[in-house]
Amino acid sequence: MTKRVFSGMQPTGSVHLGNLIGAFNNWVSMQDEYEGIYCVVDLHAITMPHDPAELRVNRTYLAKAFLAAGVDPERSLIYRQADVPQHAELMWILGADTPFGPLTRMTQFKDKSEKAGERFGLFAYPLLQAADILIHKATAVPVGDDQTQHLELTRDIAQRFNGMYGEVFPVPERITPEIGARVMSLQDPTSKMSKSDPDQSATVMLFEDPTKVMKKFKRAVTDSGSEVRYDWDEKPGI
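In our numbering, the protein residues as written are 390 to 627.
Among the hints, erroneous ones may be present.
Simulated crosslink set (EDC-like; lysine to aspartate or glutamate; CA at most 20 Å straight-line) [claimed, not checked]: (1) K526 <-> E541; (2) K392 <-> E562; (3) K526 <-> D421.
Bear in mind the hints are in silico, worked out from the structure with no lab data behind them.
In this text, all values refer to a predicted model and were calculated from it rather than measured experimentally.
I would like the entire structure built from these sequences, with the hints used as guidance.
And the structure:
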């Protein structure tokens with residue numbers, strides 16, 4: 390069986406340091422071992438409030454960022470999700486036999502619903518994510534802690550489908566990056582770095598002016614203690 394890895398990213402704005410360390414660098418390092426499929430997941434992006442004109446620009450910007458980070462189009466596939474309607478078709482087929490309960494327990498739906506209201510797109514997001522992975526018969530998916538629940542649902546869906554129709558889909562394994570699985574906010578070391586953080590000093594954008602980047606690092610939350618030691622519970626800023 391071909392070792393195939395799938396991953397995607399939403400075109401919701403500028404890419405940041407967490408994207409580089411947690412995603413791009415790992416995609417590049419896997420190119421010699423896996424057949425890579427990397428997607429600009431614009432159908433996922435429309436599940437939250439957005440500006441259509443900005444989304445169109447950001448789709449191209451993100452694809453360019455993939456290339457700039459070192460993803461080799463000769464060895465990996467880069468494409469836009471909306472250009473492949475089979476993603477949505479497979480989502481419907483998978484959803485027809487997916488129990489309601491597991492979808493209601495997705496923590497990201499609860500978190501994002503507080504910001505954007507309860508939308509079907511947010512509720513069905515994990516189904517589309519499962520379709521993204523399974524349509525390519527990916528054998529592995531690099532995910533951080535915040536996506537583990539969604540991947541487990543994908544594995545359950547694949548096993549249920551295979552039980553009904555035969556061995557159609559590989560059950561994808563999780564790849565956890567050794568470095569950078571969670572790059573934390575510069576201002577809140579208990580939260581993940583995010584491009585949507587309202588505090589602009591919390592996130593380092595990849596194409597930001599170096600002088601501004603250095604100011605952000607100097608102002609980052611660290612620790613006021615007299616010793617330097619790793620203790621996630623007591624010293625998350627170290």
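Comparing the hints with the structure gives:
For the hint linking K526 to E541, the alpha-carbon distance of about 16 Å falls within 20 Å, and the restraint holds. For the hint pairing K392 with E562, the CA-to-CA distance comes to about 11 Å; that is within 20 Å, so the pair holds. In summary, the hint linking K526 to D421 is supported, as the alpha carbons are separated by about 19 Å, within the 20 Å threshold.
Consistency with the previously given hints is maintained throughout, with no hint failing.
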